[in-house]
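Participant: This is what each chain is made of:
2 protein chains.
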Amino acid sequence: MSLPGQLNIPNRLLLGPGPSDAHPRVLAAMANPLLGHLDPAYLEIMNETAAMLREAFQTKNPLTFPISATGMAGMETCLVNLLEAGDKVIICQAGFFSLRMVEVATRCGAEVTTITKPWGQVFELSEIREALQRIRPKALGIVQAETSTGSWQPIEELGKLCHEFDCLLVVDAVTALGCIPVKVDEWEIDAIYSCSQKGLSCPPGLAPVSFSPRAEATISKRKTKVQSWYLDMTLLKQYWGAERAYHHTAPISMTYALREGLKIVLEEGLENRWARHLKNHTALKAGLIALGLHYTAQDGHQLPQLNAVRIPDGVDDMATRKKLLMEFGIEVGGGLGDFKGKVWRIGLMGYNSKSSSVFTVLAALEQCLRSAGAKVTPGSGVAAAELAYQR
Amino acid sequence: MSLPGQLNIPNRLLLGPGPSDAHPRVLAAMANPLLGHLDPAYLEIMNETAAMLREAFQTKNPLTFPISATGMAGMETCLVNLLEAGDKVIICQAGFFSLRMVEVATRCGAEVTTITKPWGQVFELSEIREALQRIRPKALGIVQAETSTGSWQPIEELGKLCHEFDCLLVVDAVTALGCIPVKVDEWEIDAIYSCSQKGLSCPPGLAPVSFSPRAEATISKRKTKVQSWYLDMTLLKQYWGAERAYHHTAPISMTYALREGLKIVLEEGLENRWARHLKNHTALKAGLIALGLHYTAQDGHQLPQLNAVRIPDGVDDMATRKKLLMEFGIEVGGGLGDFKGKVWRIGLMGYNSKSSSVFTVLAALEQCLRSAGAKVTPGSGVAAAELAYQR
Numbered sequence: 001m002s003l004p005g006q007l008n009i010p011n012r013l014l015l016g017p018g019p020s021d022a023h024p025r026v027l028a029a030m031a032n033p034l035l036g037h038l039d040p041a042y043l044e045i046m047n048e049t050a051a052m053l054r055e056a057f058q059t060k061n062p063l064t065f066p067i068s069a070t071g072m073a074g075m076e077t078c079l080v081n082l083l084e085a086g087d088k089v090i091i092c093q094a095g096f097f098s099l100r101m102v103e104v105a106t107r108c109g110a111e112v113t114t115i116t117k118p119w120g121q122v123f124e125l126s127e128i129r130e131a132l133q134r135i136r137p138k139a140l141g142i143v144q145a146e147t148s149t150g151s152w153q154p155i156e157e158l159g160k161l162c163h164e165f166d167c168l169l170v171v172d173a174v175t176a177l178g179c180i181p182v183k184v185d186e187w188e189i190d191a192i193y194s195c196s197q198k199g200l201s202c203p204p205g206l207a208p209v210s211f212s213p214r215a216e217a218t219i220s221k222r223k224t225k226v227q228s229w230y231l232d233m234t235l236l237k238q239y240w241g242a243e244r245a246y247h248h249t250a251p252i253s254m255t256y257a258l259r260e261g262l263k264i265v266l267e268e269g270l271e272n273r274w275a276r277h278l279k280n281h282t283a284l285k286a287g288l289i290a291l292g293l294h295y296t297a298q299d300g301h302q303l304p305q306l307n308a309v310r311i312p313d314g315v316d317d318m319a320t321r322k323k324l325l326m327e328f329g330i331e332v333g334g335g336l337g338d339f340k341g342k343v344w345r346i347g348l349m350g351y352n353s354k355s356s357s358v359f360t361v362l363a364a365l366e367q368c369l370r371s372a373g374a375k376v377t378p379g380s381g382v383a384a385a386e387l388a389y390q391r
Numbered sequence: 001m002s003l004p005g006q007l008n009i010p011n012r013l014l015l016g017p018g019p020s021d022a023h024p025r026v027l028a029a030m031a032n033p034l035l036g037h038l039d040p041a042y043l044e045i046m047n048e049t050a051a052m053l054r055e056a057f058q059t060k061n062p063l064t065f066p067i068s069a070t071g072m073a074g075m076e077t078c079l080v081n082l083l084e085a086g087d088k089v090i091i092c093q094a095g096f097f098s099l100r101m102v103e104v105a106t107r108c109g110a111e112v113t114t115i116t117k118p119w120g121q122v123f124e125l126s127e128i129r130e131a132l133q134r135i136r137p138k139a140l141g142i143v144q145a146e147t148s149t150g151s152w153q154p155i156e157e158l159g160k161l162c163h164e165f166d167c168l169l170v171v172d173a174v175t176a177l178g179c180i181p182v183k184v185d186e187w188e189i190d191a192i193y194s195c196s197q198k199g200l201s202c203p204p205g206l207a208p209v210s211f212s213p214r215a216e217a218t219i220s221k222r223k224t225k226v227q228s229w230y231l232d233m234t235l236l237k238q239y240w241g242a243e244r245a246y247h248h249t250a251p252i253s254m255t256y257a258l259r260e261g262l263k264i265v266l267e268e269g270l271e272n273r274w275a276r277h278l279k280n281h282t283a284l285k286a287g288l289i290a291l292g293l294h295y296t297a298q299d300g301h302q303l304p305q306l307n308a309v310r311i312p313d314g315v316d317d318m319a320t321r322k323k324l325l326m327e328f329g330i331e332v333g334g335g336l337g338d339f340k341g342k343v344w345r346i347g348l349m350g351y352n353s354k355s356s357s358v359f360t361v362l363a364a365l366e367q368c369l370r371s372a373g374a375k376v377t378p379g380s381g382v383a384a385a386e387l388a389y390q391r
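So the sequence lines, in the order shown, correspond to chains A and B. Positions 1 to 391 (UniProt numbering) are the ones given, in order, by the first sequence. Positions 1 to 391 (UniProt numbering) are the ones given, in order, by the second sequence.
To be clear, the hints were calculated from the coordinates, so they are not data collected in a lab. A quick note: this is a predicted structure, and the numbers were derived from the prediction, not measured. Take the hints with a grain of salt, since some may be wrong.
Unchecked claim - Here are the computed lysine-lysine pairs in the DSS-like style, where the Cα-Cα straight-line distance is at most 30 Å: (1) B:K342 - A:K237; (2) B:K340 - A:K237; (3) B:K221 - A:K237; (4) A:K223 - B:K138; (5) A:K237 - B:K322; (6) B:K322 - A:K225; (7) B:K88 - A:K225; (8) B:K117 - A:K88; (9) A:K88 - B:K223; (10) A:K225 - B:K138; (11) B:K223 - A:K223; (12) B:K323 - A:K322; (13) B:K117 - A:K340; (14) B:K225 - A:K340; (15) A:K138 - B:K225; (16) B:K117 - A:K225; (17) A:K223 - B:K225; (18) B:K221 - A:K225.
What the hints assert, rightly or not - Computed from the model, here is a short list of chain B residues facing chain A with C-beta under 10 Å: (19) N11; (20) E44; (21) R54; (22) E55; (23) T106; (24) A374; (25) P378; (26) V382.
Stated by the list, open to error - Covered by chain B, according to a simulated footprint, are these stretches of chain A (three or more residues, beta-carbon under 8 Å): (27) 12 to 19; (28) 153 to 160; (29) 297 to 308; (30) 346 to 358.
Where is the CB? At the ideal position from N, CA and C, for every residue including glycine.
Looking at chain A on its own, in the form it has when it is part of the complex (with noise of 0.2 Å):
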C-alpha cells in the first residue's frame, strides 16, 4: 500500500461542545517517555493523579481515578456498577445525553423511567421529588451540564432530596467539570463522571469518576457481576489502591496529560476558574446577542463554557460552519438529535476561556453571517462583548 505523508494537523481553534484545545503544558507533558503500569515512579503519578481529582470534584471519596476511556464511558462505569437487571431508575430527560443516560441503563437491564422537559429547560426539585415518591428507584441520573442545549440543572439540593427516598444520585459532569462548580461531598452526589477534553483542557481519552461511600456499599452488595468487566469499579479499586493489582495497562501518556491539566486547574484556583468562565461567557452572550442570535438554554440556567444558539432563519448550518473552520480555522459545534441543523453550540472552555477566543469566535461570526445574507451591524458583535468586559 502507499502510506500516508507526515501527519500534518491543521491550525484550529476549538471552540465546540469539546475536544476544547488542550493546554501546550498538557501537550508537552505527554511527549515524555513512557513508564511501566506497576513502576514505582508511574504509581506516585497515580495518586497525585486521583489527589488532584478528588480536589477537582471537591470530594473525599476514596473511590475516584480516571476511567481509561472517553467520557462516554465513565456513563457507563458509573450506571453498570450501581444498576442490575430489575432495578429501577429515573432519568431526567432534557436533550441528548439524558437520553443516552436511558440507552445505557436500559442496557443494564434496569427498569427506566424518565421524567422529561423541553430541551433547553431544567428541573425543578418538586417535579423530581414527585417522581421519586411514585417510582421509589435506586438510582436517579441527571445531566448538569447538558452539552446538547446547553443549559445548566441546578443540582445542589438534589442529592438531599434523593436520599430521603434512599436513592442513588448520579450526575453527568461531562461538560461541568473544570467549568463550573461540581461539589461532589457538600451536594451528597453519589456517582458522578466527566472527560479529560473539555474543562480540563486535556485531549479526549479519560474519563474522571467518582463514587460516594454509600455507592460502594451498594456495589459490594451486588448479587451479580457487573457486565463489564473493563469497567468494573471493584476490579480497578485494586489497582488505584494499596493492592496495586494489576487490571489492564493503564494509559500512561493520557495520565501524564490528566496529571498537567489538574495541576493547572488546581494552580489557578477553582473559585477563580468559575469566575473566569463566567466573565468570558458574559461577554460572549452580549456579542452574540447583538449578532442576533438567541440561546436555547432558560434564561438564568445558561452554561458559562457551552453557548448554545438558534441558527437564524435562512442560515445554511452546514455552509456557514465550514466557513469558520476553513477560512477562520474555528471549531463551533452543531446541533445534536432535535437540534440537529438548529442550533450551533460554541464552547468556551477551560484553557480555551479567554477574550481572544470570544472577540475572533465574535470576528469571524459577524463575517459568515453576513456572507449568509444575515442583517448584521458591522462590528455590533465585538463591539458588545468590549463593553461587557469594561463592566
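Given the coordinates of chain A, assemble chain B onto it according to the supplied hints.
Facilitator: Here is chain B on its own, set in the frame of chain A:
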C-alpha cells in the same frame, strides 16, 4: 492542598511485557495540537489509520479500527459483540489471558467450556477438533501470543477448522501484532484484538480490532442489544464509516500516535519486522541460556517478543527486579497468576527489539544475578548473544 511538582519521568528501558517504549516519532506526533473528532482533517487521519491497520492485520475486513480504550477492552469488544446470553463458547486455556477470556465471556452470559493445557504449552489441532465436535460452540477463543508464559500458539489452520463446525474464531493478538505474523484473512480469523503499546510502539490507550464479514453477519443477527454501549461495534462502525455519526469523542492524540506507529511498522515492512524480532530473540535467548536461565514455553513455540524464563532457585524476584529498575533503569516483568514470583518476562517489542536492548539487559541481569548469589561466568550472557548475532 499542596500541589505536586513538575512531572519528572525517570529514565527507563521498558523490556517487560508492555508497555514497551514508544517510538520517539510517536511521542512527537502526540504533541500536536488537537483537532475536533468530526473535523475533515481528523476524519482523514482516521481513514489513514484504519487502512494501515488493515495492512498490519493482513485483512480486507471493512470492520477494522481501534477501540478507544486499552487492549483488555479489545477483548471485551470481541466477546460482547459476538456472544449473547446462553451462547456456547470454547476457550483454549493455557495462561493468564485465556483465563480472562473465560471471565469476560462468562459476564456476557455465555456458556463457557474450557480446554486446558499446562501453562507454557500449546494446543494441537486434534485437541481443538475434538472439543468443537463435542460442544458445537458459537465461538472459540484462543490467545496467539500468551503474555504470561511466552508461548506462541500456532493458529494458521485454526480458522478453517472452526469453520468446518460453523464456529467463529476469536484471537487475542495483544502481544502478537507488529512482532510476529498475524494474517487475519489467510488464517480465516473472525474477530481479533490487539493493543497499541507493544509491537506497535505507541503508548497504551487503544485496542485495534477487526471483524470478518462472517462475524459482522453474526452481529447483525443478534436478538439482544450488545450489553456495552461504549463497545457496540454497530454504533462504532457508523462513526468510522461513511455516516460519521457521533458516538463518543475520539481520543485524538492517541489516534495521532497510532497513525505514526503503524506508519513506522509499514515503512519497515512486516516481513522485515518479523525477521528483526526473531533475530534479536535468538541472541537474547542464547544469552539467557548462557546465564543459566530456562524458558517456560514449550520448545519450538517461544515468542520472539516475550521471553519468559524461570527465576533460578534462591534468587529473590522482587529484589532482583528492583535492582534492575533502580540501578540500571531496566523494567522486566514479573510472573502473573500461577507464575507469580517464579518467572521473569523479558520483552523485545517493536522499537525495543534491537541489539542494544539485548546487550544491555544481559549485562545488567548478569550483575543482578551475581549479587543475588547465582553462579554466573562473567560476560557469558553478552558473549553468547554476540556469537548468535554473528551466525
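Participant: All hints, please: hold or fail.
Facilitator: Quick rundown of the hints versus the structure:
For the proposed pair K342 of chain B and K237 of chain A, the alpha carbon gap of about 26 Å is at most 30 Å, so the pair holds. Between K340 of chain B and K237 of chain A the CA atoms are separated by roughly 21 Å; this keeps the pair inside 30 Å, and the hint holds. Using a Cα cut-off of 30 Å, the hinted pair K221 of chain B and K237 of chain A is violated, with the two alpha carbons roughly 36 Å apart. This hinted pair checks out: K223 of chain A and K138 of chain B have alpha carbons roughly 28 Å apart, not beyond 30 Å.
Taken as a hint, the K237 of chain A and K322 of chain B pair is honoured in the structure, with Cα atoms around 24 Å apart against an allowance of 30 Å. For the proposed pair K322 of chain B and K225 of chain A, the alpha carbon gap of about 36 Å is over 30 Å, so the pair is violated. Among the hinted pairs, K88 of chain B with K225 of chain A is consistent with the structure: their alpha-carbon atoms are about 19 Å apart, no more than 30 Å. Distance check on the hinted pair: K117 of chain B and K88 of chain A sit about 44 Å apart at the alpha-carbon level, beyond 30 Å; violated.
Distance hint between K88 of chain A and K223 of chain B is fulfilled; the C-alpha atoms sit about 23 Å from each other, no more than 30 Å. A distance of roughly 23 Å separates the Cα atoms of K225 of chain A and K138 of chain B; the hinted pair therefore holds under the 30 Å criterion. Distance check on the hinted pair: K223 of chain B and K223 of chain A sit about 25 Å apart at the alpha-carbon level, within 30 Å; holds. For a cut-off of 30 Å, the pair hint linking K323 of chain B to K322 of chain A is broken: about 57 Å separates their Cα positions.
About 55 Å separates the Cα atoms of K117 of chain B and K340 of chain A, which puts this hinted pair outside 30 Å; it is violated. Restraint check for K225 of chain B and K340 of chain A: the C-alpha separation of about 26 Å stays at or below 30 Å, so the hint holds. Of the pairs offered as hints, the one joining K138 of chain A and K225 of chain B holds, with about 23 Å between alpha carbons and a cut-off of 30 Å not exceeded. Among the hinted pairs, K117 of chain B with K225 of chain A is consistent with the structure: their alpha-carbon atoms are about 27 Å apart, no more than 30 Å.
Taking the CA atoms of K223 of chain A and K225 of chain B, the gap is about 22 Å. The hint holds against a cut of 30 Å. Of the pairs offered as hints, the one joining K221 of chain B and K225 of chain A holds, with about 26 Å between alpha carbons and a cut-off of 30 Å not exceeded. With 10 Å as the threshold, the beta carbon of N11 of chain B comes within range of chain A, its nearest partner Cβ sitting at about 8 Å, so the hint holds. At its closest, the beta carbon of E44 of chain B sits 8 Å from a beta carbon of chain A; the interface hint therefore holds under the 10 Å criterion.
Hint status for R54 of chain B relative to chain A: holds, with the closest Cβ pair at about 9 Å, below 10 Å. With its C-beta approaching chain A no nearer than about 5 Å, E55 of chain B sits inside the 10 Å limit, and its interface hint holds. Below 10 Å, beta-carbon pairs count as interface contacts, and T106 of chain B has one with chain A at about 8 Å; its hint therefore holds. Of the supplied interface hints, the one on A374 of chain B is violated, with its beta-carbon coming no nearer than about 24 Å to a beta-carbon of chain A, more than 10 Å.
Because the smallest distance between the Cβ of P378 of chain B and any Cβ of chain A comes to about 29 Å, over 10 Å, the interface hint for this residue is violated. Because the beta carbon of V382 of chain B sits about 24 Å from the nearest beta carbon in chain A, more than 10 Å, this interface hint is broken. Only when three residues or more bring their CB closer than 8 Å to a CB of chain B does the claim for the stretch 12 to 19 of chain A stand; here the count is 5, and the claim holds. Closer than 8 Å: that is the beta-carbon criterion, and the stretch 153 to 160 of chain A has 0 residues meeting it against chain B, so the requirement of 3 is violated.
Using a Cβ-Cβ cut-off of 8 Å, 0 residues of the stretch 297 to 308 of chain A lie near chain B, which falls short of the minimum of three, so the contact claim is violated. Counting residues of the stretch 346 to 358 of chain A whose CB lies closer than 8 Å to any CB of chain B gives 0, which falls below the minimum of 3, so the coverage claim is violated.
The earlier numbered hints that this structure contradicts are 3, 6, 8, 12, 13, 24, 25, 26, 28, 29 and 30.
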